[in-house]
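Just so you know, the sequences run in chain order A and B.
The first sequence stops at residue 191 when you use this note's numbering, and every number in between is there.
The second sequence stops at residue 191 when you use this note's numbering, and every number in between is there.
It cannot be assumed that every hint is accurate.
To be verified - Covered stretches of chain B (in silico footprint by chain A; criterion: 3 or more residues with CB under 8 Å from a CB of chain A, positions within the stretch not fixed): (1) 119-125; (2) 132-145; (3) 151-163; (4) 175-181.
Claimed, not checked - Partial list, computed: chain B residues near chain A (C-beta under 10 Å): (5) THR43; (6) PRO78; (7) HIS186.
Everything labelled a hint here was simulated from the structure, so no lab data went into it.
This structure is a prediction, so every number in the text was calculated from the model and none was measured.
Where a beta carbon is used, it is the ideal one built from N, C-alpha and C, also for glycine.
One letter stands for each residue in the lines below.
There are 2 protein chains.
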Amino acid sequence: MGRWEPGARERLMEAALQLYATRGYEATTAADIAQAVGLTERTFFRHFADKREVIFGGQELFEQLFVDGIAAAPDAAPMDMVASALGAAEEFFPDERRPHSRLRQTIIDAHPGLQERELLKLTAVAASLAEALRRRGVPEPQATLAAESGMTVFGISFRQWLADGEQRSIGDIQRGVLEELRALTHPAGRS
Amino acid sequence: MGRWEPGARERLMEAALQLYATRGYEATTAADIAQAVGLTERTFFRHFADKREVIFGGQELFEQLFVDGIAAAPDAAPMDMVASALGAAEEFFPDERRPHSRLRQTIIDAHPGLQERELLKLTAVAASLAEALRRRGVPEPQATLAAESGMTVFGISFRQWLADGEQRSIGDIQRGVLEELRALTHPAGRS
Chain A
1 MGRWEPGARE RLMEAALQLY ATRGYEATTA ADIAQAVGLT ERTFFRHFAD KREVIFGGQE
61 LFEQLFVDGI AAAPDAAPMD MVASALGAAE EFFPDERRPH SRLRQTIIDA HPGLQERELL
121 KLTAVAASLA EALRRRGVPE PQATLAAESG MTVFGISFRQ WLADGEQRSI GDIQRGVLEE
181 LRALTHPAGR S
Chain B
1 MGRWEPGARE RLMEAALQLY ATRGYEATTA ADIAQAVGLT ERTFFRHFAD KREVIFGGQE
61 LFEQLFVDGI AAAPDAAPMD MVASALGAAE EFFPDERRPH SRLRQTIIDA HPGLQERELL
121 KLTAVAASLA EALRRRGVPE PQATLAAESG MTVFGISFRQ WLADGEQRSI GDIQRGVLEE
181 LRALTHPAGR S
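Model the full assembly from the supplied sequences, consistent with the hints where possible.
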């Protein structure tokens, strides 16, 4: 390891997103990103395995927060444990992060390979949530149903949180979407 | 186009699955598949764009059946329209197709690239279902919630249909899983 650069990871990440957005993801190299913040390519690779990891590097933490949320949820019906775990999104996506997340999503949306990577990651999170529910004693198919429904609620809510003009927190949006799901699947809601 | 080979497509497909299962997907070439049923590589490429399409070539029809199911569903609550569309799975996966589908899934499960392809395809089907629901007047987020919940039900049911010793039809399994989803998200089910 070379010398430590204070805040290097965050500076590289911000510079990368700006370059991906303006110059294009494919056209931007690790050296470009490092140069933009006065660091060397070698420093870039001390912080990120490759230029894709700049976009997806936070997802292990995101997944762990959801899984920990299931482990820590009070004993309750499976969907209530999932709702409790979804609260982690509020910690991970505070409102001050919204501009950063919007820029990141713009880059992903412009690049099919990145969209696929994001989709695969969300699927992996759903599988980890289902495993966490089984550890809490939830049988199948309920564990997978609840985990995948939870990720459906998160995915729809996250998109809405990024929408132009949206002011609500991700937590408020998620609570509303979860209620919509309950209403949609409630037998009394049949017409 | 060269001369027409009766049943060539089906023979190529069966030979391909057998070779993918025994020799491995990566190690099998289009020429191997064609040779196994006494046809030329050129004939293979008249029927399939590449060796991956042998596995996924039926999915356009599968997607169209679901979308047509939404268009043809009686006016009802969104999840009931989705339940009606899921009936297409019974047409696409009759019980006599179960051994073929099991072999196909074994090959996909052994190969991450094919798993990704399948996942992306199911996501595309969910997006098409949501679009079909919007055409029926279902607003957002209900359309996407109902479509993705429907694909969750299908995915869990399809896996169960393939399980060793499973005797029920995919339709019977889907109806059971859909009831589990309704129970799981029903407020009265909270404990």
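### Query
Quick one, is the HIS186 (chain B) hint okay against chain A at 10 Å, beta carbons?
Holds, about 6 Å.
### 8 Å C-beta test of the region 119-125 of chain B against chain A, three or more residues
Coverage by chain A holds here, the residue count being 3 at a Cβ distance below 8 Å.
### Message
Quick check: do three or more residues in the region 175-181 of chain B have a beta carbon closer than 8 Å to a beta carbon of chain A?
### Response
holds (count 3)
### Query
Counting residues of the region 132-145 of chain B whose CB is closer than 8 Å to a CB in chain A, do you get three or more?
Holds, because 4 residues of the region 132-145 of chain B bring their Cβ atoms closer than 8 Å to Cβ atoms of chain A.
### Task
Classify the hint on THR43 (chain B) as holds or violated, based on whether any CB of chain A lies nearer than 10 Å to its CB.
violated (31 Å)
#### Entry: Agreement of hint PRO78 (chain B) with chain A interface, Cβ distance less than 10 Å
Hint holds; PRO78 (chain B) Cβ to chain A Cβ min 6 Å, cut 10 Å.
### Task
Would you check chain A against the region 151-163 of chain B, counting CB to CB pairs closer than 8 Å, and say if three or more residues qualify?
Per the Cβ count (5), the hint holds.
Taken one by one, the earlier hints fail for this structure only at number 5.
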